[in-house]
Structures are given as C-alpha cells and as structure tokens.
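Please build the complex by placing chain C on the supplied structure of chain G, with the hints as guidance.
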Amino acid sequence: MALTKLLSRGLGTGVGGKVLQVVTQFYDTQTSINSSSFTDTGLSLSITPTSTSNKVLVMFYPSFSGNENAYCAFKLFRGATEIGTTSNTGTGIECFTGFTIVGAFKFSTVVQPIVYLDSPSTTSATTYKLQVSPMRTSSEQFYLNRSHTLGDDNQFRTASNVILMEIAD
Amino acid sequence: MEILKGIIKINPNAQVVVRGNDLNTCEIEWHNGTPPIPKEKILAILPQVEKEIKTIQNRVKEYGSWQDQLDEIYHKGIDAWKARIASIKSKYPKE
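The listed protein sequences derive, respectively, from chains G and C. Under this note's numbering, think of the first position of the first sequence as 1, with each following residue one higher. Under this note's numbering, think of the first position of the second sequence as 1, with each following residue one higher.
Chain G with its partners taken away, still in its complex shape:
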C-alpha cells in the first residue's frame, strides 16, 4: 500500500498544530562552572521557521549536579532575548526555573525539564540557549553532564538534550 506524505501547510484552515521540523542537540561535554553570574551552559540550538506565524516548541533537558548550597537558576534565551522568565518582581532572582543542591544530591545528577512554546515571528535562523547561575550571593559549583564528585563508578557521567520543534500555526 502506497503511503502519501501529508504536509500541514497543504491542509485546510484550522488544521494546524502539526510538527513541521525537529532539530536536536545531544550534548555530553562535561562543563564545570564556579560563578555568581549567569553563564552559557553550552546547550544551544538553532532552527529556521518556515512561516512567521508558526511556533517553536523549545525543550531543554540539562543533566546536572553541584556542590551543597548551590542554588542553580536557569534562564532561557532566544538570541539575546530572555524568554519564559517570570514577570513577577521582588525578592528572589527572576528566572525560568531553579534547583537547589542539598545533601546527597551532589552525588547525583538531576534533569530539569525546561519547556516553552515560543512565537519567534521570524523565518530567519533562530538560536535558543540556556544559561545558568550556580548562586548569586557567592560563587558556587555547577556541573553539567556529571555529578559533583567522580570518585568511582557509583557517581555519574551523563548527557543533556535539546529538542526544537516547529509547530504549524
């Protein structure tokens, strides 16, 4: 039986929401950060939307660890524009999400899903990236793709993933 490929752009009005393209980044570079500033994690991926009205489903899955007392804050960017950050102001750092390393967490790695449906309104190549700040009031350690300690095989070397999907309007 012959199969016919259907393109959502050829479908009728109101039949949107189809996935038009998927790009991925598999990233396993072990990155160690000691800082009080927001720093590029290395998780970064570009997509070129086919229509200004289409959306991009942005999914970052960083796998990380840190030292005890690391209060890891994550920020998501489209180009130089911060997206998905809370509009609430006051005490506490404005960010997309955060994770605090306590106790034995430093011997572990966790994956923090960062998912956002973006409307980039462009057909130009668009780069999304993730930044992290291990702490704001002092320098703390953040480790991407590994546990804080790597003394033996009871600890972890891991990988992170980024997935971008263009979604038809």
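Bear in mind the hints are in silico, worked out from the structure with no lab data behind them. Take the hints with a grain of salt, since some may be wrong.
Said to hold, decoys possible - Beta-carbon label-pair distances, calculated as ranges:
#1 Glu-72/C x Asp-40/G: 42 to 48 Å
#2 Thr-50/G x Lys-41/C: 47 to 53 Å
#3 Thr-97/G x Lys-9/C: 51 to 57 Å
#4 Leu-117/G x Ile-56/C: 40 to 46 Å
#5 Thr-89/G x His-75/C: 35 to 41 Å
#6 Ala-83/C x Ser-37/G: 44 to 50 Å
#7 Leu-57/G x Ile-45/C: 43 to 49 Å
These figures come from a predicted structure and were not determined experimentally. Quick reminder that beta carbons are idealized off the backbone N, C-alpha and C, glycines included.
The following block gives chain C in isolation, referenced to the frame of chain G:
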C-alpha cells in the same frame, strides 16, 4: 579530571567555566577579572585534589547515613559513636 576543584584550591575566589574534562583540550573561561592560572599549575595540584575527594568519599561511605548514625547513638551511646567515627578518620587521613 577534577579541573574546577583544582582551580578553586589554588584560588578559592576564582570565577571560571571549564568546558571539557581533559586539561590538555578543555576550554577555560576566566570571568569577572579572575586572573588566569597556567594549566601546568592546575595539573600539578590535581593529584592532591583527587586524593582528598577519595578520602572524603571513603569516609562518607563508612560513616553511614545520618539516620543510621542517630540510631547508633541512641542504642550504643555517643562515646561509642565517636570512637567509630574517629577510627574511620584515622583509617582515611587527610593530608
């Protein structure tokens, strides 16, 4: 390689990003005015750092969980607990 921990041991105030796990090939970014440390100096301190990590790991494994230690104190008393902890510290001494 525990490159970041080696850098912090040399300069506890270093603000730095290390991309990669091999000192020969990794990229090191020095932030916020942190003076760069030569790779040779980092390499020289890594054996000491890795030995300290191993010492701490060995100690933590033999200490047991804090719940088990509290249970030990309840049943055997604080002096028995202190003696066991001291023997572990002696078994895995810090330099």
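* **Hints violated by the structure (listed by number, smallest first)** => Checked against the structure, the hints that fail are numbers 3, 5, while the rest are satisfied.
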